[in-house]
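A.B. asks: Now for the letters of each chain:
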Amino acid sequence: MASWIDMTFILVVVVDLFLLASSRLGAAIRAVAFQGALLSLLTLLIASPAHDLAHVAIVAGGALAIKALFIPWLMFRAIREAAIRREMEPLIGYVPSLLLGGTGVALAFAFSRGLPLPTPETHSFLVPTALATVWTGLLLVVSRKKAVTQVLGFLVLENGVFVFGLLLTDFMPVMVEAGVLLDLLAAVFVMGIVMFHINREFSSLDTDALASLKD
Amino acid sequence: MVLLVILVPLLLAAVASSWPENRSRPWLLLLGAAAHSVGVVALWIAPEPPFFDGYLFLDPAGKVVLSSTSALYLVTAVYAQGYLRRRAEKDNRVFVSGLLGLLSAMTVVALSQHLGLLWVAIELTTLATAPLIYFNRNARSLEAAWKYLLVSSLGIALALLGTFFIALSGAGAGGPRSLLLDSLVSAGPELSKPWVRAGFVFLLVGYGTKMGLAPLHSWKPDAYGEAPGILGALLAGGVTNVAFLSVTRVFQVARAAGEGGFACEALVGMGLLSMALAAVFMAGQRDFKRMLAYSSVEHMGILAVGLGLGGAAVAGAFYHVVNNGLSKGVLFLAAGNIHRAYGSKRIEDVRGAGRRLPLSGPLFLAGFLAVTGTPPFSPFWSEFVILNGALGTGRWVVGALFLLFLAVIFVGMGATVLKVVQGDDRGAPERPGFGDSWLTAGPPLVLLLAVLALGLWLPAGLARLFHSAAQLVAGS
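Sequence lines, in order, name chains A and B. Residue numbers for the first sequence follow this note's numbering, beginning at 1473 and rising by one. Residue numbers for the second sequence follow this note's numbering, beginning at 955 and rising by one.
I should point out that these hints are in silico values taken from the structure, not numbers from a laboratory. Quick caveat, the model's predicted, so the values are computed rather than measured. One or more hints might be untrue.
Simulated coverage check for chain B against chain A, where a stretch passes if three residues somewhere in it have a Cβ under 8 Å from a Cβ of chain A [to be verified]: (1) 1096-1104; (2) 1144-1155; (3) 1295-1305.
Some, not all, of what chain B presents toward chain A, calculated at C-beta under 8 Å [claimed, not checked]: (4) Ile999; (5) Ala1000; (6) Pro1004; (7) Ser1107; (8) Leu1108; (9) Phe1118; (10) Ala1121; (11) Ser1123; (12) Gly1126.
Just so it is clear, CB atoms sit at the ideal spot from N, CA and C, and this is done for glycine as well.
In isolation and in its complexed conformation, chain A is listed as follows (with noise of 0.2 Å):
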């Protein structure tokens, strides 16, 4: 079961770092909705018989449903009307991104071994996850221009929050729970209506037409 468990975590990493490599939209959006089933599946590995059952059952169906089915659907009807396919020009090259995400690895490694958990339950690869899909976000939201490429980098910081989260399952009210799932629809879909907007008012979905603002 703990292999198990290990193994799930290592796949989120990896498409963490399949993310920064990758310059194919549609496969982009594929990998994210991934990691939202791989979410979903990590909520109910790691629920012990302590957990209330019905509450695992509802973090982890929404998870689904939410992160892995309704805003990848979203994200493909958005690149399908704005006819987009690839992320041509990201500010950081590909190859740099990928050692910039490598090392984001390597110290949430080191900065989750600086910082014991108080929490008896321990499982080692769940914060050093985290804090590496965090960081990727954030990677990926400053150095690409396509707003679905910046959309689909918050998406994945999101991600790497949830998996924090999964720490305080069996202490944390389900308001706050749902109250992050909710969140997190409403960003993207508020972002989804202005990415349309942006469609129309400069034909693109590149956010370097949106540059006229500066000091």
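Please build the complex by placing chain B on the supplied structure of chain A, with the hints as guidance.
C.D. replies: Frame of chain A; chain B shown alone:
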């Protein structure tokens, strides 16, 4: 009553989104603002016990922020009647319901005693305001809305991670295992210190982004520059203040856990950086609405310095919350009037506003004097208390830098403001029908009189409130 001040604006937001008529819809805004003010006054007269399992409670710090927000909101709601009548060609459905939703979300932030609920409410303030920045439906306002949404969302995601860190810090044996402020503070030293410190850093970055502290302020000039003046007033005088309140909540936890020294240094550092950056970008600013954004960065810096200094300065910071809220209202509403009368916000085009707009022009000038801390306006006194706090505790360097930045900002901002207000307006671009009216120039005038009155006479009840807020947050 606690439930009422949250639910009435929310309900009216729902009504506004289905209200059929564009012309009468702004009345809902006034109705919501009036009901909210009545509710806040009632809470002053008859304080209420904690509500909803202790999640909602109006403590002194929340009372300062909620009262100033409610007053500012009421005045801007009156202004909105005149403003939206002049923009009758635009559909105001999203605008009115977004503003009402914003009032509800800001109220939840002020009342929240639970870090998770606080976070949800902060996220809601972002979602309620992002579409409103796009009110003018052009490429520039779209760019501003996109940046605001992306930068704020990143900040909020990091704040959530910080909230999780704090939750984890209390998860050990004997820990509170809760995010209620009371139980976190009373657990104090039981919390795991490294996690509290990491949590404070992430929350300061997250809520600091909402406040617009440098270097996390990149959304601010664009959003304030492109948003209608009324939204600018509410963002700079309301949303940033509730974000500051969120930082004080987290600071309370850090201090109880014995990480107060670290938190204070971080706050003073970021505060001074914000003031320095505002001083640099304010000088030679060609766009008077963007200039106001840097003024907001500066005042968030002043608040952070006040909180970080501790001691008497914390009461000064809470005093400054009120002053900042009211004087930002004067500036943004007057700037909005000037912007409309000229159809431009570049100082190459705008001159002689004092002549063309006999109320808004002088109000803009007086608002500038108030916000830069000229006596007898109230920001002078709150900045004085903070400076005194710095010198009284022997922080000479901090005090000297604080004074230096204030002086540089006064000069830089003054140059731009005088170019706008003085001179001859003949030949400047003109848009007829956008002169001063009582509905558009009256509200900033009322706010300015309030700033003046608070500077001349601070009621004893308010002074006590600032001290009990400081007592609660920093134990001083």
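A.B. asks: Take the hints in turn and mark each one as holding or not.
C.D. replies: For each hint, the structure was consulted:
| no. | hint | verdict |
| --- | --- | --- |
| 1 | 1096-1104 | holds (count 8) |
| 2 | 1144-1155 | holds (count 4) |
| 3 | 1295-1305 | violated (count 0) |
| 4 | Ile999 | violated (31 Å) |
| 5 | Ala1000 | violated (28 Å) |
| 6 | Pro1004 | violated (16 Å) |
| 7 | Ser1107 | holds (5 Å) |
| 8 | Leu1108 | holds (6 Å) |
| 9 | Phe1118 | holds (5 Å) |
| 10 | Ala1121 | holds (5 Å) |
| 11 | Ser1123 | holds (7 Å) |
| 12 | Gly1126 | holds (3 Å) |
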